[in-house]
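Using the sequences and the hints, build the whole thing.
First to last, the sequence lines map onto chains S and F. Sequence positions in the first sequence follow our numbering and run 204 to 564. Sequence positions in the second sequence follow our numbering and run 204 to 564.
No wet-lab data here; the hints were simulated from the structure. Treat the hints with care, as some may be off.
Repeated chains share a single entry, so a pair holds when one copy, or any two copies, can fit it.
[Said to hold, decoys possible] Here are the simulated SDA-like pairs of lysine to any residue, each with C-alpha atoms no more than 20 Å apart in a straight line:
(1) K244 <-> E496
(2) K516 <-> D438
(3) K327 <-> A232
(4) K508 <-> E230
(5) K537 <-> T335
(6) K247 <-> I418
There are 2 protein chains.
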Amino acid sequence: MGNNPIEHIAWREEKLYLLDQRLLPHEIAFKVCDSYHDVVKAIKDMYVRGAPAIGISAAFGMTLAAGEALAKRLSSEKTRELLKAAAVDLANSRPTAVNLKWAIDKADQWLSKYDNASTVEIYKGLEQLALTIFNDDIINNRQIGFNGSKLVPQKAVILTHCNAGALATGGFGTALGVIRAAVEEGKIVSVLVDETRPLLQGARITAFELLNEGISATLITDNSAGYLMSTGKVDLIVVGADRIAANGDTANKIGTYSLAVLANYHNIPFYVAAPLSTVDLMIDSGHEIIIEERKEIEVTSLYGKSIAPEGIKALNYAFDVTPAELITAIVTEKGVIKKPDRNKIAAQFREGGFSFEEHID
Amino acid sequence: MGNNPIEHIAWREEKLYLLDQRLLPHEIAFKVCDSYHDVVKAIKDMYVRGAPAIGISAAFGMTLAAGEALAKRLSSEKTRELLKAAAVDLANSRPTAVNLKWAIDKADQWLSKYDNASTVEIYKGLEQLALTIFNDDIINNRQIGFNGSKLVPQKAVILTHCNAGALATGGFGTALGVIRAAVEEGKIVSVLVDETRPLLQGARITAFELLNEGISATLITDNSAGYLMSTGKVDLIVVGADRIAANGDTANKIGTYSLAVLANYHNIPFYVAAPLSTVDLMIDSGHEIIIEERKEIEVTSLYGKSIAPEGIKALNYAFDVTPAELITAIVTEKGVIKKPDRNKIAAQFREGGFSFEEHID
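Here it is, written out as structure tokens:
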């Protein structure tokens, strides 16, 4: 669905199938989640990653929790208790991406709205919600791609970081969605792919997606990007986002901030592509975004092989924050926000976004 | 010798022993070079790396070539022919670090000066030259450390890239020499170590050296440096150099340039520590420095394990060039050149440097 090389998220017979992205590109294997606990683990351990994809997964996690209530024949009241616990666990599975919280909030809103629903109705309602979130994400990515492709010149060399592709989302991708849409429009582009240490989502996943589609891609170490910019080899940069504050400050994979500073220094456009569900209006600025710190072993080893002397300390921040003033534009499903600021972002929200409100009303 | 955790370069019984740095920190093994061809291979395949260390190795390579002439009982004329071939091969083994060329030029100068020398005398002369280059490098590093340590505040958090330590030099190190000297003077410092993809000299070698000496060290991915600077966690940056142009532009390990731009943006001092033998007065500016491009497989795999999909292209520039205007100071054995430029660098050269001229005159 939507230039998705593999059906990496699938809901079948009341189970969630998640492609184990930790094994890419060497192995294609799926984790079957039949409880919300499985989903929490899959998000925490990064079987599934990418802000929109973990949002979608969390929505199915809530559905699985309702399924558990159904199987245990819990009362409507006990079901809501279980769902509350599931919501907390899912929301805490990773701290930085807001899509997780956004999806869970949608479930909460549904539950508040239908406060007399039976357990069966809750299950059906949350399942429908998850499917809608999933489907909307793909539609939004297509629209992000369409909006963003106008920013891509013919024969552009585009640098991207981490993976904001089909596999990070419901399908099609945000940053890679922009690239895909440009290619679909007949533009010839080539992509410089930051490998993105420590977990190598660029090398393992973005390179995999681009290669599968025959889009010209060249892998580079993260520390090469600055030099390539200085030699005039980069026309634009496009990345995804894990959380965008109300003022436009953007949390994304560690290394994004460095790219933005370097792009600024070299007068290269720096674009963020993300659905409005990534914008957190409750967060005033990037200073308030919690940055996840992950285990040292992700830095000190690779594929189980130690790459540093035993006993060395390591720091492993999973994300960083790029201030709005370093972002040339934020591309959402509603349009392109050039020189993003608080007012322009709020204006896009007033245009509305998520289709489920219409869908269930 | 000189805070050298291992005797990584040793000249014994007319053979050169080089620590195989590709295997660090997991294995301590040596490559025994008994011909200059072995030295060419050791430099090319990076058993030995670091600009000063490969300069020293090349000087012993010339000695081994003279030894070959001696074993084959070549005439003085044939010996000089063999040495010419060895000089070309050694100089071409890696293109960016000038210390290689510098050491070979020293041998050439010796050969020109003693144009009546017998093969035995040539062997003895070149051996003495190599030992002097080796020894001088350690002395110079100690002096670089002494000069640079004045730039290190008490309780400084110092970021470094790649390995410019004892193992990159004759001993003690350039950038790490500055850190070691600061510690010897009683300063408490802690070091953020860029892992330095693709070959991980930071993770494997710098971390190893610092850990061995009990200097507080924390490993980070290369793409974390910018974020840490933005949060005020970095007080200064010090790196080594592979070639410094007459105007102060500096080639060093890929990623150095990005650090310099980031340091500039955050008003963090950015220091280069290198002996004068790294300065190439024949090169007017950084634009003329040849940047080595290495094999794609160094980027697409690690320890023989593929980390990217088969068939993906990769770019692997080993070095980049940092323009002088981004360098707060260059620290040499002669002193600290603040805001380096052509005139200040030329002035240091007039003060003289290498001790061998006095030694053999």
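Status of the hints after comparison with the structure:
In this homomeric assembly, K244 and E496 come within 20 Å of each other (Cα to Cα) only inside a single copy, at 17 Å, whereas the closest approach across copies is 42 Å. For a Cα distance limit of 20 Å, the shortest separation of K516 from D438 across copies, 19 Å, qualifies, whereas the shortest one inside one copy, 37 Å, does not. Neither within a single protomer nor between protomers do K327 and A232 lie at most 20 Å apart by alpha-carbon distance, with minima of 28 Å and 64 Å respectively. With identical chains, the CA atoms of K508 and E230 are at most 20 Å apart both within one copy (18 Å) and between copies (14 Å).
Taking identical chains as interchangeable, the C-alpha atoms of K537 and T335 lie at most 20 Å apart only when both belong to the same chain, with a minimum of 18 Å there against 69 Å between chains. With identical chains, the CA atoms of K247 and I418 are never at most 20 Å apart, being 31 Å at best within one copy and 33 Å at best between copies.
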